Amino acid sequence: MAVRYMTDAEARYIMHAVGGDPLIASYLDNQAAYGYDMRQTMAGLPVCPACERAALHHERGIVCPTCGYRGPSSHKMRDHINGMMYR
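In UniProt numbering, the protein residues as written are 1 to 87.
Check each hint, because a few of them may be wrong.
Stated by the list, open to error - Straight-line Cα separation of at most 25 angstroms, DMTMM-like style, residue types lysine to aspartate or glutamate; simulated pairs:
(1) LYS76 to GLU10
(2) LYS76 to GLU59
(3) LYS76 to ASP21
(4) LYS76 to GLU52
(5) LYS76 to ASP8
(6) LYS76 to ASP29
(7) LYS76 to ASP37
These are calculated hints, taken from the structure and not from any lab test.
Remember, it's a predicted structure, so these values are computed and weren't measured experimentally.
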């Protein structure tokens, strides 16, 4: 299995996506407390199309705790990073 290291741009995007929002931080902390891998949990979160931050699933769509966007999401965090769709 080949190891792939995160680039500086990917690291900056991840800090932008999950940093500064207490609801996302609380969600990730709770998942880690129950034994889930935080990296896998974060990779599975949907991406807000308005602000490119991590969002949460809500009523057949997503809600972004940062900007308040409610609606559909086109992809998850892992797809956003692997496709280099971040700014």
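Verification of the hints:
For the suggested pair LYS76 and GLU10, the alpha carbons sit about 15 angstroms apart, so the restraint of at most 25 angstroms is met. Restraint check for LYS76 and GLU59: satisfied, since their Cα atoms lie roughly 16 angstroms apart, inside the 25 angstroms limit. The hinted pair formed by LYS76 and ASP21 meets the criterion: a straight-line CA distance of about 18 angstroms does not exceed 25 angstroms. This hinted pair checks out: LYS76 and GLU52 have alpha carbons roughly 11 angstroms apart, not beyond 25 angstroms.
A distance of roughly 20 angstroms separates the Cα atoms of LYS76 and ASP8; the hinted pair therefore holds under the 25 angstroms criterion. As the CA atoms of LYS76 and ASP29 are separated by approximately 19 angstroms, the hinted pair is consistent with the 25 angstroms bound. This hinted pair checks out: LYS76 and ASP37 have alpha carbons roughly 16 angstroms apart, not beyond 25 angstroms.
Of the numbered hints listed earlier, not one is contradicted by the structure.
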